[in-house]
Amino acid sequence: MKNRDYLWCALHMMLDDQELLDRMCPACRTQALEDRCPVCGVRLADAEGSRNAAFDEARFAALSRGELP
5 MKNRDYLWCA
15 LHMMLDDQEL
25 LDRMCPACRT
35 QALEDRCPVC
45 GVRLADAEGS
55 RNAAFDEARF
65 AALSRGELP
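With positions in the sequence shown counted from 1, the corresponding number in the numbering used here is that position plus 4.
Careful, some of the hints might be misleading.
Stated by the list, open to error - Think about it this way: if two alpha-carbon atoms lie no more than 20 Å apart in a straight line, the pair counts; the simulated SDA-like pairs of lysine to any residue are:
#, residue 1, residue 2
1, K6, L24
2, K6, M17
3, K6, H16
Honestly, the hints are just simulated from the structure, not real lab data.
Throw the hints in and build the complete structure from the sequences for me.
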């Protein structure tokens, strides 16, 4: 694919998303536009310090030291 093909795909994906939002009622549209955690679905504004609940601190530390899980 050429760069213009990627641009065309990205533009049409954005247009498709906008069409879906336009078909929603105002309450559903507001909820759909909120930033939410991809793991648990909690609103990021309500999350404690916007901490990712799926992040494994011990695994991260082991990988940082070069250890494989």
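Hints, verified against the model:
Simply put, K6 and L24 have alpha-carbon atoms about 28 Å apart, too far for the 20 Å limit, and the pair is violated. Restraint check for K6 and M17: satisfied, since their Cα atoms lie roughly 17 Å apart, inside the 20 Å limit. With a C-alpha separation of about 16 Å, the suggested pairing of K6 with H16 holds against the 20 Å cut-off.
Hint violations for this structure: number 1 only, all remaining hints satisfied.
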